[in-house]
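Starting from the known structure of chain B, fit chain S onto it as the hints suggest.
2 protein chains.
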Amino acid sequence: MAGGAGALVKARASAVAAEIDKAFDRLLPLPDDPRRRLYEAMRYAAIGGGKRLRPLLVQATCDLFNISRDCALRVGLAVECIHVYSLVHDDLPAMDDDDMRRGKLTTHKAFDEATAILAGDCLHDLAFEILANEETHPDPFVRVELVTALARASGPAGMAGGQMMDLEAENARFDLATVTRLQTLKTGALISFCIDAAAIVARLAPEGRRGLHGYARDIGLAFQIADDLLDVEGDPVLAGKALGKDMAAGKETFVSLLGVDRAREQAALLVAQSKAHLHGFGAEADLLRAIADYIVERDR
Amino acid sequence: MAGGAGALVKARASAVAAEIDKAFDRLLPLPDDPRRRLYEAMRYAAIGGGKRLRPLLVQATCDLFNISRDCALRVGLAVECIHVYSLVHDDLPAMDDDDMRRGKLTTHKAFDEATAILAGDCLHDLAFEILANEETHPDPFVRVELVTALARASGPAGMAGGQMMDLEAENARFDLATVTRLQTLKTGALISFCIDAAAIVARLAPEGRRGLHGYARDIGLAFQIADDLLDVEGDPVLAGKALGKDMAAGKETFVSLLGVDRAREQAALLVAQSKAHLHGFGAEADLLRAIADYIVERDR
Numbered sequence: 010m011a012g013g014a015g016a017l018v019k020a021r022a023s024a025v026a027a028e029i030d031k032a033f034d035r036l037l038p039l040p041d042d043p044r045r046r047l048y049e050a051m052r053y054a055a056i057g058g059g060k061r062l063r064p065l066l067v068q069a070t071c072d073l074f075n076i077s078r079d080c081a082l083r084v085g086l087a088v089e090c091i092h093v094y095s096l097v098h099d100d101l102p103a104m105d106d107d108d109m110r111r112g113k114l115t116t117h118k119a120f121d122e123a124t125a126i127l128a129g130d131c132l133h134d135l136a137f138e139i140l141a142n143e144e145t146h147p148d149p150f151v152r153v154e155l156v157t158a159l160a161r162a163s164g165p166a167g168m169a170g171g172q173m174m175d176l177e178a179e180n181a182r183f184d185l186a187t188v189t190r191l192q193t194l195k196t197g198a199l200i201s202f203c204i205d206a207a208a209i210v211a212r213l214a215p216e217g218r219r220g221l222h223g224y225a226r227d228i229g230l231a232f233q234i235a236d237d238l239l240d241v242e243g244d245p246v247l248a249g250k251a252l253g254k255d256m257a258a259g260k261e262t263f264v265s266l267l268g269v270d271r272a273r274e275q276a277a278l279l280v281a282q283s284k285a286h287l288h289g290f291g292a293e294a295d296l297l298r299a300i301a302d303y304i305v306e307r308d309r
Numbered sequence: 010m011a012g013g014a015g016a017l018v019k020a021r022a023s024a025v026a027a028e029i030d031k032a033f034d035r036l037l038p039l040p041d042d043p044r045r046r047l048y049e050a051m052r053y054a055a056i057g058g059g060k061r062l063r064p065l066l067v068q069a070t071c072d073l074f075n076i077s078r079d080c081a082l083r084v085g086l087a088v089e090c091i092h093v094y095s096l097v098h099d100d101l102p103a104m105d106d107d108d109m110r111r112g113k114l115t116t117h118k119a120f121d122e123a124t125a126i127l128a129g130d131c132l133h134d135l136a137f138e139i140l141a142n143e144e145t146h147p148d149p150f151v152r153v154e155l156v157t158a159l160a161r162a163s164g165p166a167g168m169a170g171g172q173m174m175d176l177e178a179e180n181a182r183f184d185l186a187t188v189t190r191l192q193t194l195k196t197g198a199l200i201s202f203c204i205d206a207a208a209i210v211a212r213l214a215p216e217g218r219r220g221l222h223g224y225a226r227d228i229g230l231a232f233q234i235a236d237d238l239l240d241v242e243g244d245p246v247l248a249g250k251a252l253g254k255d256m257a258a259g260k261e262t263f264v265s266l267l268g269v270d271r272a273r274e275q276a277a278l279l280v281a282q283s284k285a286h287l288h289g290f291g292a293e294a295d296l297l298r299a300i301a302d303y304i305v306e307r308d309r
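So the sequence lines, in the order shown, correspond to chains B and S.
Just so you know, the first sequence maps onto residues 10 to 309 in the working numbering.
Just so you know, the second sequence maps onto residues 10 to 309 in the working numbering.
Take the hints with a grain of salt, since some may be wrong.
Identical copies go unnamed one by one, so any copy, or any two together, can satisfy a pair.
Heads up, simulated SDA-like pairs for lysine to any residue below, C-alpha to C-alpha not over 20 Å straight-line [as the list claims (entries may be wrong)]:
hint	residue 1	residue 2
1	K284	E122
2	K284	D107
3	K31	R219
4	K118	R46
5	K113	T193
6	K254	A16
7	K284	R111
8	K113	A178
9	K254	S265
10	K118	P102
11	K118	E177
12	K113	R161
13	K118	D105
14	K254	E28
Hints listed in this document are in silico derivations from the structure and should not be mistaken for laboratory results.
Predicted model only: the values in this text are computed from it and were never measured.
Chain B with its partners taken away, still in its complex shape (with noise of 0.2 Å):
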């Protein structure tokens, strides 16, 4: 590839990022009460910054059933919110102890450590509100689908359960198949839901939801791949946040377990496999597919 899919997943992706940024500025009011601080954190932590990459995978997934853009973008709001608090949390001292993040202070620095893990808790909370309102969708039975899939794939069977086990894997040597384990848990779990959230909306089959669950799995693993070897070859300018953190703690990772040409190679099969799935669909399916080349191209 392809300055071409590139152009077109950064010309949607900051259609996207204006979407969600305007979204949560409208949901966020700043009370005049003692809460304002609060609610300052959480518009500091969700607003501005950030890829937006999960959100805009909800949109191209969405893309492919015609699912109404107020939909797509309120799911992905939703994951965003649970995005964002996951990195509130992470950055405190306690777990990753990071100062910079998306370029700026992280919550806990510009805020203090008790209103960052207040706003991240509030973030989790909005994320759930959003998916069981009426204006996500029509039907309860899809808004409560919704929400049992966001809950397994923040909780301790996803995200934070893949957390747990990176906080382990600095008193262990996890292998590769750990590893692999933990980054499925840790980014896939979330990144499969903004796909999964799709099928669900559409009332997929389960027969009809193989083909997109390999694509989730392929990418979420190929962006791990490409956040390793930008914790080990990139910029921490562009990055906006600290790198060769996983390194310097003596943490495997999948750059480190299988050096960095076998890891870039790695992530171009994925790559290539992520879209070999989407084979059903015609260009309807063309942004996933750049979406794809996307994830290892990127430099931040």
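Chain S only, in chain B's frame:
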């Protein structure tokens, strides 16, 4: 009142507590992988100890409408997930910095801060997963209403918003109206959810909910005044946690603003008022009445 009411509440509360422990035990089997520590921390925080007042309130209100015990138990379990997660996060060094809770070490002391943050986050997800599951109620509309109500009660317009006000209370001198608002959010919102949840499941019309709302609001405030009195006069061994902390932190409470005697009077008045709101109900509301009495008479 009422040794009689106290005995009724205690018998029912200990039955509820046993059911809740058993349900958490079944929901949280220990996995044989590096996420084990996370589940251990979730179990440590969730199982054993605690008055289980909120699940008891759910059951007592569900009794009014012949709602199934299974449904009432699962809704109570979800509220308790939120309550426990909030205790785990509130006890963190960056928040209230407590070492003891329910007579044992707080979760971050028994494990570590990172694990405690994640365990709280996972219990937070679990609450919504439980409510959204069809085992809670066959009607998805009811489930989605429960999710919405719990997300609101727990987020920035509810419990977490109250906790933010509580943090700000150290730097400000709140008046009685502001302390009332703080507590209406911090403990009242979740207590109100317990009663609202039964009304949601019973599909009660808004006019039928008015008395129950009044009951919930009054016992919520009475509960907090009793808590403030225990903080001043209680036995830390019975309480299972450190006391006297609000005064040491210079925070205004109902007791600091009203004095012990007037605070006690106000609690008694709220209890009487809460029972008056139940005038439309007969003997089927006796447990709710007994809970109101118990709330101000408890020693922990």
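We went through each hint and held it up to the structure:
1. In this assembly of identical chains, the alpha carbons of K284 and E122 never lie at most 20 Å apart, being 42 Å within a copy and 41 Å across copies at closest.
2. For the homomeric pair K284 and D107, neither the shortest alpha-carbon distance inside one copy (35 Å) nor that between copies (52 Å) is at most 20 Å.
3. Neither within a single protomer nor between protomers do K31 and R219 lie at most 20 Å apart by alpha-carbon distance, with minima of 34 Å and 36 Å respectively.
4. In this homomeric assembly, K118 and R46 come within 20 Å of each other (Cα to Cα) only inside a single copy, at 14 Å, whereas the closest approach across copies is 28 Å.
5. In this homomeric assembly, K113 and T193 never come within 20 Å of each other (Cα to Cα): the closest approach is 28 Å inside a single copy and 35 Å across copies.
6. Proximity of K254 and A16 under a CA criterion of 20 Å is satisfied in neither setting, with 30 Å inside one chain copy and 57 Å between copies.
7. For the identical chains of this complex, K284 and R111 are neighbours neither inside a copy (29 Å) nor across copies (53 Å), given an alpha-carbon limit of 20 Å.
8. For a Cα distance limit of 20 Å, the shortest separation of K113 from A178 qualifies neither inside one copy, at 27 Å, nor across copies, at 29 Å.
9. Taking identical chains as interchangeable, the C-alpha atoms of K254 and S265 lie at most 20 Å apart only when both belong to the same chain, with a minimum of 12 Å there against 48 Å between chains.
10. Both within a single protomer and between protomers do K118 and P102 lie at most 20 Å apart by alpha-carbon distance, with minima of 10 Å and 16 Å respectively.
11. Taking the shortest alpha-carbon separations for K118 and E177, only the inter-copy value of 18 Å comes in at or below 20 Å, while the best intra-copy value is 25 Å.
12. Taking identical chains as interchangeable, the C-alpha atoms of K113 and R161 are never at most 20 Å apart, the minima being 30 Å within one chain and 30 Å between chains.
13. Both within a single protomer and between protomers do K118 and D105 lie at most 20 Å apart by alpha-carbon distance, with minima of 13 Å and 19 Å respectively.
14. For the homomeric pair K254 and E28, neither the shortest alpha-carbon distance inside one copy (32 Å) nor that between copies (45 Å) is at most 20 Å.
The structure is inconsistent with the numbered hints 1, 2, 3, 5, 6, 7, 8, 12, 14, although it conforms to all the rest.
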